[in-house]
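Participant: Top line first, the protein sequences correspond to chains A and B. If you read the first sequence in UniProt numbering, its first letter stands for residue 1, the second for the next number, and so on. If you read the second sequence in UniProt numbering, its first letter stands for residue 1, the second for the next number, and so on.
In case anyone wonders, no lab produced these hints; they're calculated from the structure. Note that beta-carbon positions come from the ideal geometry of N, C-alpha and C, so glycine has one too. Any given hint could turn out to be false.
Quick list of the computed label-pair ranges, beta carbon to beta carbon [what the hints assert, rightly or not]: (1) A:171 <-> B:68: 25 to 31 Å; (2) B:197 <-> A:166: 46 to 52 Å; (3) B:190 <-> A:176: 19 to 25 Å; (4) B:148 <-> A:72: 27 to 33 Å.
Take a look, some chain A residues computed to stay more than 10 Å from chain B by CB distance [said to hold, decoys possible]: (5) 161; (6) 168; (7) 169.
With a cut-off of at most 27 Å between alpha-carbon atoms, the simulated BS3-like pairs for lysine-lysine come out as follows [to be verified]: (8) A:182 <-> A:128; (9) A:18 <-> B:197; (10) A:183 <-> A:171; (11) A:61 <-> A:89; (12) A:18 <-> A:61; (13) B:168 <-> A:61; (14) A:183 <-> A:128; (15) A:61 <-> B:197; (16) A:18 <-> B:168; (17) A:128 <-> A:180; (18) A:182 <-> B:2; (19) A:89 <-> A:178; (20) A:171 <-> A:182; (21) B:168 <-> A:19; (22) B:197 <-> B:168; (23) A:128 <-> A:89; (24) B:61 <-> A:89; (25) A:178 <-> A:128; (26) B:2 <-> A:18; (27) B:61 <-> A:19.
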Amino acid sequence: MSKLTSLAAWIRPSDSQKKADFQARLRPHSRALYQTAFRLTGNQADAEDLTQELFLRLYQKWDHWHHLDNPLPWFLRTLTNLHIDTYRKIRHTHGANELTSNFDHLPFQVPALDSASPLALALANSRKCLLNQALNSLEAEHRSLVVLHLMEGYSLQEVAEIQHLPLGTLKSRLHRCKDKLKKILLREPFQENLRFNRVSSQED
Amino acid sequence: MKCIDAQRQLEHLDLQQQPGALLAEHLENCNECLSFHQDHQLQLHLQSFRVIGPDPDFINKALNAACQEPSIQPRKWTWPASMAASFVLVALLLTGWLVSNEPTNPLPATPLQVDSSQPEGQSTQQVRILIISDQDYSDAEISLALAGNLQLEGYANQRELTWRTQLKAGQNLLTLPIQVLEQGGELQVSSRFGDQKHQVIVNLEDIRS
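Just chain B, same shape as in the assembly (with noise of 0.2 Å):
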């Protein structure tokens, strides 16, 4: 018997048939074969495992419990609870970032927000940006431009930074940690798609002060 011609045989045996005797002759000879065999064998084992559903509603329950549970952020992202009440809105800049295609018009809603909080005893405040955008977009430009006692963590001799991002259709929300030294400083955040330029002024004082 040829190789072939047994291992196409092998092929069509099932766990519970065994080799026919000419078969079986020429797997005692050929290790290829019988080696071509075993696999197969394991492969028909490995097949026959049946994985049982989960319980019907289980995959909504499990999606919804992820979204329930507070997300984890990295330690020095963290503030906290005791000092969610100090959040401060610092400006509310309304920009051309919907639907105008004017730069001048003034928009139906808010698209561009600004808000920090300071963690006692700390001198990085959390600013958060809030960008309603009307589409998703893939390459928004921010600028960020940080006066003498600013500092962006993690970028100690930046005083200007611009980088491309994607915006999401809906809230897209930017979290700067800014150190806030002596006097505090004004925050100037920029962005840019296509013709339209909107640019937001915030002035951070040290709260401790």
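Looking at chain A on its own, in the form it has when it is part of the complex (with noise of 0.2 Å):
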């Protein structure tokens, strides 16, 4: 009788309900859901493109997750396959690391930073640029697992659970990304000799 078990999803709401009962699951995890694409493709056009493929798939699979006391796993797994399908799509017709990058420098991206210098802001563009290309750096794979972690929040626990990863085989994938990112990200701006010239002038 364990077989019978499975005919308990095939008892559904009605199309009209579906959709009500859809946008009121979804909507109190829409804006996370956005942020979340957001920090996985670098820029707001792309996040909303994702975020709306995403909403789409989450529609059509409504018998998956409708049950579910708390779906957002679920939806983050989803998210997380969706970016991952596209980076390998667009790397397979365009190479690697061109999801976001010619988007990158355009003023629209530039958050309004309140009363800055225009050093600050120097400093804040130049910064948002390496980061930018210290995650464009990662396979998408990858950079789910830092944006989950590292940038949203989520426990190792919780992040395995969501990528159905061992969490040893997390906790090293971890590991080489943020080795990754720290080369990239906390690189000396000179190298050694540059440097070593550099104090040498201003003693002269």
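Build the complex: two chains, separate frames, hints provided.
Facilitator: Right, dumping it as structure tokens:
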């Protein structure tokens, strides 16, 4: 009789009620999902496209998640899988790391900084470009781990559940991601010989 | 300098600040604190990532657009649009599903409806049972009894099936893929919640014949 438990999934709301239920269940998570999509893609246009595609997929897969008490891990797994698919398609047709780089320099991507000096703005923009460069250097699968754990703040256990990864695998992948990010983000701005020359010239 | 003091100071550095001389000297000789410092700096970089919000109406539009798209059903559940006209109302039964506490009372609406469709050239009929419920039920019991010439797809050897499921307040749709063989037969659908029991008996015939 255990086979019959799957029959419970066959009963579902009618279309009109399904739409209402779908929106009621998804709306509380929609902003958070968009935010994660933005961190995965790096820009507003791609984040909106990814979010729209996610909503479509979730509506189509309503029967898979509507009975879950907490569907957020299911949403996030779908979101990251969609992003990975998109990343692979783009890499296949255009080469790696072209997801967002074409739009990174556009002014509408620069957030408004209240009372920021030109120097602060320049530094912020410089750091933003460096951060985008570092995140874009990661494979989509690895970026999603960084986004979920280091940026969104999900615990290792939660990320392991979302990504269906063993905890040990997750930890080792995150370790490699952090090393890669550190090499880009924390590198010295000048090579050692140049640094020495600058100090020497000041002393002279 | 002790590591605990060094790490306390490092926690207060932002991305633009450099460690002081004493702290820098400690970092040169202490790998643990250096690693702590680098982790902290990395975290600050990642936290500096600013998310630009979506267009004001984006969420509403995206949610509505998602509902406009036709749902993708598994292949075995679909049928051609041209066959939509072949819907045949098989049975309509009124039961005391709604407000009545007395099973014999008639209902103000049609809480249980059944219809079916049969794609051209196939023996499987999609039998749809619409249950209108007055409230959420967590443990409604659904039972099927199939006559000899009817089979529920995927459950070829089961003549009787019973399972528990949730019902939501409002309309609930139960779609059953029933294979109709030879002359067809009688499908009995029963539901039970608390003291109330309801039953629908549907005669299914092979529309191809």
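Participant: What hints, given by number in increasing order, does this structure fail?
Facilitator: 1, 3, 4, 15, 26
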